[in-house]
Amino acid sequence: MGYTREERLNIGRQIYNNEISRGDAAIKYKISEGTARDYMRLYRDVNGLPPKNRMKIRMGSSQPDLSEYESMTKDELIKELVKSRISEARLKKGYEVKGAGAHRTVTIFDNWNMK
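In my numbering, each residue carries its 1-based index in the sequence shown increased by 2.
Please note: incorrect hints may appear among the correct ones.
What the hints assert, rightly or not - Just the calculated beta-carbon pair ranges, DEER-fashion:
| # | residue 1 | residue 2 | range |
| --- | --- | --- | --- |
| 1 | N19 | L93 | 34 to 44 Å |
| 2 | M74 | R39 | 40 to 50 Å |
| 3 | G25 | G4 | 39 to 49 Å |
| 4 | D67 | N19 | 21 to 31 Å |
Derived by calculation from the structure, the hints in this document are not laboratory data. The model shown is predicted, which means the values in this text are computed figures rather than measured ones. Beta carbons are placed, not taken as given, at the ideal position from N, Cα and C, and that holds for glycine.
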């Protein structure tokens, strides 16, 4: 089924403005997802709009709360970064440590959990 240029631009506008997803547009208009993407690109190019940033769409408007880091000194930030990297390295090796001293617990992950 062929669509006129105006219909293609309308479909592309709906996708670009997140009114409808590419998959939904493909089902609704009986086109492939690639064609739906092409219609969105056509709309974007005709109107001189910037490309959509997919990460923003997936993450939504939720931004991480950085207020606790804003009040830290440089030394405190470095200490937090080191803790984060140590934790990441432990997770890669298959275990996690919570707590400190006598209240420390070590969780070992089975191989089926690991990448």
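Taking the hints in turn, this is what the structure says about them:
1. The supplied range of 34 to 44 Å is met by N19 and L93, whose beta-carbon atoms lie about 39 Å from each other.
2. Distance hint for M74 and R39: a CB-CB separation of about 43 Å, consistent with the stated range 40 to 50 Å.
3. Distance hint for G25 and G4: a CB-CB separation of about 21 Å, inconsistent with the stated range 39 to 49 Å.
4. One distance hint, 21 to 31 Å for the beta-carbon pair D67 and N19, holds here, with the actual separation near 29 Å.
Taken one by one, the earlier hints fail for this structure only at number 3.
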